[in-house]
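K.L.:
Protein chains in written order, with numbering that gives the first Met the number 0: chain A, 0 to 309; chain B, 0 to 118; chain C, 0 to 440; chain D, 0 to 194.
No lab work stands behind these hints: they were computed from the structure.
It is possible that part of the hints are untrue.
[To be verified] In silico contact screen, one side only, chain C against chain A (beta carbon under 7 Å); selected entries:
id : residue
1  : L4
2  : A5
3  : G10
4  : S70
5  : S255
6  : G257
7  : A260
8  : W295
9  : S296
10 : G299
[Claimed, not checked] Label-pair distances were calculated between CB atoms; the ranges are:
id : chain 1 : residue 1 : chain 2 : residue 2 : range
11 : B       : T100      : D       : D28       : 39 to 49 Å
12 : B       : E116      : A       : V299      : 20 to 30 Å
13 : D       : D28       : B       : D28       : 17 to 27 Å
14 : D       : V115      : A       : A175      : 46 to 56 Å
Note that the Cβ used here is the ideal one computed from N, Cα and C, for glycine as well.
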Amino acid sequence: MRTYASPEFALLAVGFTMVVGIYVVAMLDHVVGGRVAARPLLWREIVAGPARSAALLIVQRRMTTERTDTPGWMLAPALFAALAATALALVPLGPDLVVADPETGFVVFSAAIAFVMIAVFLHGWSPNSALPLHGAYRYAAQALSFQIPFLLAMLATALPAESLSIVEIVAAQESAWNVVRQPLGLPIYLVVGLAVSFWGPLNLPDGADLAGGTSAEDSGIARLLWQAARAAMLVAIAAMGAAGFLGGWWGPWLSGIVWMLLKTVALLVLLIAAGHLLARVRIERFVVVAWVLLIPLALVNIFVSGAFLL
Amino acid sequence: MSLLGPLGVTLVVFVGALVVVLILWWLGDRSPRTLTAPERAPFAGGLPPAVHAWSRYHARYYVMALVFLAFDMEMVYMYPWAVVFVREGVVAMVEMAMFITILLIGVLYTWRERALEWA
Amino acid sequence: MRQFLARIAAGAPVPVFAIAGAGAREQVQDLRLNPGVRLVDSPREANVLLVAGAMPESLAEPLQRIHDAMSHPRCTVVAASPEGRDLHAWLPDATAVALHEPIAGGLVDVHRGILRGDRPSEPALLPDVEPAPWRGVGPFGQGGTGMTGGTPYGRPMADLLDDRDGLRLDILPLTVGPFFPRFPSGLILQATLAGDVVVESAIEANPFTDLDFEMVTPSPTLGPFLRALSAPVPIAELELARARSHLRWLADALVSQGLHALGVRVLALAARVRPGDGEEVRKLERLLRGTQVFRWSLGGVGPIAAERLIAIAAGPVARASGIAEDARADDPAYRELGFTPVTQRAGDAAARWRQRLAEAEQALDLAGRAGPRQTEVRGQVEGPRGLLLAEGAPTGRLYELVPELLAGLEWGDAIATIVSLDLDLEEAALAAQLTAGVPVA
Amino acid sequence: MSEERLVDVLFWVFAIGSVVTGYRVFRTDSMVRAAFYLLASFAAVGGILVLLGAEFLGMVLILMMAGEMLVMAIVMVMFMMNPAGLNPMWMVHQHRIAVAAGVVAFLAIASLGFLVDFPDQPNARPELATEQLGIELLGDSMLVFQTAGVALLSTMAGVVVLASRRGRYGIADEGSEEPPLQPDEVDLLGEEATP
Numbered sequence: 000m001r002t003y004a005s006p007e008f009a010l011l012a013v014g015f016t017m018v019v020g021i022y023v024v025a026m027l028d029h030v031v032g033g034r035v036a037a038r039p040l041l042w043r044e045i046v047a048g049p050a051r052s053a054a055l056l057i058v059q060r061r062m063t064t065e066r067t068d069t070p071g072w073m074l075a076p077a078l079f080a081a082l083a084a085t086a087l088a089l090v091p092l093g094p095d096l097v098v099a100d101p102e103t104g105f106v107v108f109s110a111a112i113a114f115v116m117i118a119v120f121l122h123g124w125s126p127n128s129a130l131p132l133h134g135a136y137r138y139a140a141q142a143l144s145f146q147i148p149f150l151l152a153m154l155a156t157a158l159p160a161e162s163l164s165i166v167e168i169v170a171a172q173e174s175a176w177n178v179v180r181q182p183l184g185l186p187i188y189l190v191v192g193l194a195v196s197f198w199g200p201l202n203l204p205d206g207a208d209l210a211g212g213t214s215a216e217d218s219g220i221a222r223l224l225w226q227a228a229r230a231a232m233l234v235a236i237a238a239m240g241a242a243g244f245l246g247g248w249w250g251p252w253l254s255g256i257v258w259m260l261l262k263t264v265a266l267l268v269l270l271i272a273a274g275h276l277l278a279r280v281r282i283e284r285f286v287v288v289a290w291v292l293l294i295p296l297a298l299v300n301i302f303v304s305g306a307f308l309l
Numbered sequence: 000m001s002l003l004g005p006l007g008v009t010l011v012v013f014v015g016a017l018v019v020v021l022i023l024w025w026l027g028d029r030s031p032r033t034l035t036a037p038e039r040a041p042f043a044g045g046l047p048p049a050v051h052a053w054s055r056y057h058a059r060y061y062v063m064a065l066v067f068l069a070f071d072m073e074m075v076y077m078y079p080w081a082v083v084f085v086r087e088g089v090v091a092m093v094e095m096a097m098f099i100t101i102l103l104i105g106v107l108y109t110w111r112e113r114a115l116e117w118a
Numbered sequence: 000m001r002q003f004l005a006r007i008a009a010g011a012p013v014p015v016f017a018i019a020g021a022g023a024r025e026q027v028q029d030l031r032l033n034p035g036v037r038l039v040d041s042p043r044e045a046n047v048l049l050v051a052g053a054m055p056e057s058l059a060e061p062l063q064r065i066h067d068a069m070s071h072p073r074c075t076v077v078a079a080s081p082e083g084r085d086l087h088a089w090l091p092d093a094t095a096v097a098l099h100e101p102i103a104g105g106l107v108d109v110h111r112g113i114l115r116g117d118r119p120s121e122p123a124l125l126p127d128v129e130p131a132p133w134r135g136v137g138p139f140g141q142g143g144t145g146m147t148g149g150t151p152y153g154r155p156m157a158d159l160l161d162d163r164d165g166l167r168l169d170i171l172p173l174t175v176g177p178f179f180p181r182f183p184s185g186l187i188l189q190a191t192l193a194g195d196v197v198v199e200s201a202i203e204a205n206p207f208t209d210l211d212f213e214m215v216t217p218s219p220t221l222g223p224f225l226r227a228l229s230a231p232v233p234i235a236e237l238e239l240a241r242a243r244s245h246l247r248w249l250a251d252a253l254v255s256q257g258l259h260a261l262g263v264r265v266l267a268l269a270a271r272v273r274p275g276d277g278e279e280v281r282k283l284e285r286l287l288r289g290t291q292v293f294r295w296s297l298g299g300v301g302p303i304a305a306e307r308l309i310a311i312a313a314g315p316v317a318r319a320s321g322i323a324e325d326a327r328a329d330d331p332a333y334r335e336l337g338f339t340p341v342t343q344r345a346g347d348a349a350a351r352w353r354q355r356l357a358e359a360e361q362a363l364d365l366a367g368r369a370g371p372r373q374t375e376v377r378g379q380v381e382g383p384r385g386l387l388l389a390e391g392a393p394t395g396r397l398y399e400l401v402p403e404l405l406a407g408l409e410w411g412d413a414i415a416t417i418v419s420l421d422l423d424l425e426e427a428a429l430a431a432q433l434t435a436g437v438p439v440a
Numbered sequence: 000m001s002e003e004r005l006v007d008v009l010f011w012v013f014a015i016g017s018v019v020t021g022y023r024v025f026r027t028d029s030m031v032r033a034a035f036y037l038l039a040s041f042a043a044v045g046g047i048l049v050l051l052g053a054e055f056l057g058m059v060l061i062l063m064m065a066g067e068m069l070v071m072a073i074v075m076v077m078f079m080m081n082p083a084g085l086n087p088m089w090m091v092h093q094h095r096i097a098v099a100a101g102v103v104a105f106l107a108i109a110s111l112g113f114l115v116d117f118p119d120q121p122n123a124r125p126e127l128a129t130e131q132l133g134i135e136l137l138g139d140s141m142l143v144f145q146t147a148g149v150a151l152l153s154t155m156a157g158v159v160v161l162a163s164r165r166g167r168y169g170i171a172d173e174g175s176e177e178p179p180l181q182p183d184e185v186d187l188l189g190e191e192a193t194p
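Let the sequences and hints guide you as you build the complete structure.
P.N.:
Have a look at this one:
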């Protein structure tokens, strides 16, 4: 019998987590960016900054380009946000504290990640503008390359659990966290996680060389929703990383939910700091590295950690 | 709801979030009803584009995309394998190692033929 | 509700699309240091258009186009010295602020004003004319004919071209600039793209050549070099300006690599460095090596063979390809300081970044040791971008290299290559006018 | 609403959704929309598989189709004239034959639903279906599984051989000539072919 929440509670819980998560990402980004820029940080700006920027985008009126694919343009942020919500719904905060724990939870999570490429491609294709279009095709190359290493790195966590359920994957880490048992898994997962939410060094579809790439034509509410969905996806990636590799709710002294939150925030800080401290990777190099380095490494990770289990 | 269970709830979350964001867009969208032609022109630094951006876009990584199609199929087998791995032990290990090695030869060949690069 | 949101929004950093004209590049760049302003890459994201400095006539229409692409509520701020008259003719609703005071305060005030509704959002400037007539034409009234003919919705479709991988697919002509955020203002790149790869490219003539530089005050990093053409200048001053110029370039180049925060840090360093601060640059270089920018982003990108650079005197670009050519080596004052040019071998974009870092470090060391020594007047001077003569600047000489450099590069690599050349159209136009006897400010 | 009723409703939503989006594939002008309608159609089929108790298969179908349909969109945009449908067009050729073939195929498949003798004792929902699948793969179906590996390898090699122009020995078609469209253009004597 699998755990799941009632639909109303599920919507509320996921919605609340997303809003808080997006806000935390925006604050962390401001703080880390300020530290890297060696700029003084004001509490007032850290706390109120994201709300102000969001309000500005709500006040701003949305512009369109000529002959757009408007339904696609609307659907892209909605789909992206819905995928982030789905991914977040699968992350357990405690053994019984999860919105939904399907038997194939891991496959559902993978499907949510796979559909991100549809959302980003649609977002870049719809405005009928050259710079977003190039961003869309770049993300397609990026996504087709990271898809397999991502699945393989995550799949290794299913070996000790003997199950595809996320709750059981976390439960199986009681004796040792996966980051210890499978030391290659977390780094691969984090690299790919940056690629999924196109953050920092792997922000190729929305990169500076394309003047914003797929979001170059976005303004107002469209931009706000897109950026928010991207931040929500980063939260989902960090939360799933904490569950899959850092032992989820396991940990001494503190209660499970606190551990889970701490680990998620730690991974978020790591991802965001990488965004400010690592240079962008050329798309071609990323494709070659993903196929020739990440896939074999992920397989080594699976077989070596598997051999220890036997 | 035992049959639908957790997957049903996941579906509710997915559809719910999709609808909520679409409504937020609709509520927040106050795009001006009429825009002039220059206002609608795509941005590329100040000069108007000569042609529509939508075109037979030359995705130069098409070989990689096709190799992906083949390699992606492999994942279907790996999920059930991962679940029974501990139970089946060495048999599972050897069989999957064989399967994966065969596929990795394909990736290596693709790389060696320089079909992963395009520029 | 809207009033309430607008009040909250007034505290947010102002999204500004900034256009730097002649003599204002550094003021615009310094806006990055101000947390109350956010320089954005696309006019769609901006509420405020800032036009600073002097603009040639030929850029009026692109300026108005950028203005019209901005979202509502929008407003324009013009920061210019007296010749700003022209700008007001092109941007009639613009608010004027003084160029030589901090611009940021003016931007924030104007932005608050439009958010409060004190003044209406600016209407479009250009007439509502479709790029090509199409309404009602064709079988569906969409303006097209057949499968790919006609001008559906006002524009034709892209055309076919044989490509090097044997496929015959559409090519996308893409004109980027003159206000593309990664390029120096005025640079117009006409690229022909097959997918994300540049097949052909050309750079259009420098629009700033039409501008009369008599009224323009050269920027503090360029001024000392112009003076050195005709009068002795203290080496310490010249070398400090060189280091600052390189660091300012680096700040922009880091933004183009997605490292905005590091860019701000470097910009602050550029303002802060003093003669003898070579150690600061060495620290910076270590930090940059940690970001892997030389390996992941620039390694092997856009290499230029040394023989292509021989008679060009392109300064750091040439020295990055291994040509140990430097006008300073002929100056007795520099020889006394034991100056020898630094060089790199690889000649790719990474080498050009490294070269500028090394030169900034060397310049600061030289400035620290120079004492009261002055340069010798020889009608030419080694500027931060190469040999500066009375009739030409290195940018003009590098122009011709660009098409062959970009051919076959992926778009991101092409942009990284152009950025690594440090083109400066203002300097090129200014140097070309020096022959006409324009006095150097 | 009882659970069985809910399942029925969901089934019809997925079934009608998959048919309608499948129909839209052929009625839209944009290649990208066509590919993504097809993706929606497949996702609905995946939903039906889940309702039938094949949870793993249904979810894997949805997962796989995201990548496959993106590749399809990319390739369709590459090779179709007017890929975004800027000039409206028909996606189908030989309408009458196409309609007839579609109706016949649909009736043939649908008739199976009526003609085949389904067991009237519904099978219990398989618990641990994924495990059973894994054991099957490693046990009795091992040969099938390994053959699939070889088939996929040959697919990959075939893709590279057929589609990649450059290789480690240089450009693949260097020195070769495109065959002429008309047989009488074949130049037997080695002279210049007449245009």
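K.L.:
Against this structure, judge whether each hint is valid.
P.N.:
Against the structure, the hints:
Against a cut-off of 7 Å between C-beta atoms, the interface hint on L4 of chain C holds, since the closest Cβ of chain A lies about 5 Å away. Interface hint at A5 of chain C: satisfied, since its Cβ lies 5 Å from the closest Cβ of chain A, which is below the 7 Å cut-off. For the restraint placing G10 of chain C at the interface with chain A, the shortest Cβ-Cβ distance is roughly 4 Å, inside the 7 Å limit, so the hint holds. Nearest Cβ of chain A to the Cβ of S70 of chain C: about 4 Å, under the 7 Å cut. The hint holds.
For S255 of chain C, the interface hint holds, since its Cβ comes within 7 Å of a Cβ in chain A; the closest pair sits about 5 Å apart. Here the hint on G257 of chain C is kept, as its CB sits about 4 Å from the closest CB of chain A, short of 7 Å. The criterion of a C-beta within 7 Å of any C-beta in chain A is met by A260 of chain C, whose closest approach is roughly 4 Å, and the hint holds. With 7 Å as the threshold, the beta carbon of W295 of chain C comes within range of chain A, its nearest partner Cβ sitting at about 5 Å, so the hint holds.
Contact between S296 of chain C and chain A, as hinted, is supported at the beta carbon level, the nearest pair being about 4 Å apart and thus within 7 Å. This hint is violated: G299 of chain C has a C-beta 9 Å from the nearest C-beta of chain A, more than the 7 Å allowed. Between T100 of chain B and D28 of chain D the beta carbon distance is about 45 Å. The supplied range of 39 to 49 Å therefore holds. Range check, E116 of chain B to V299 of chain A: Cβ separation about 24 Å, and the 20 to 30 Å hint holds.
In this structure the supplied range 17 to 27 Å holds for D28 of chain D paired with D28 of chain B, their Cβ-Cβ distance being about 25 Å. For V115 of chain D and A175 of chain A, the hinted distance range of 46 to 56 Å is satisfied, since their beta carbons lie about 52 Å from each other.
Violated hint for the displayed structure: number 10, the only one.
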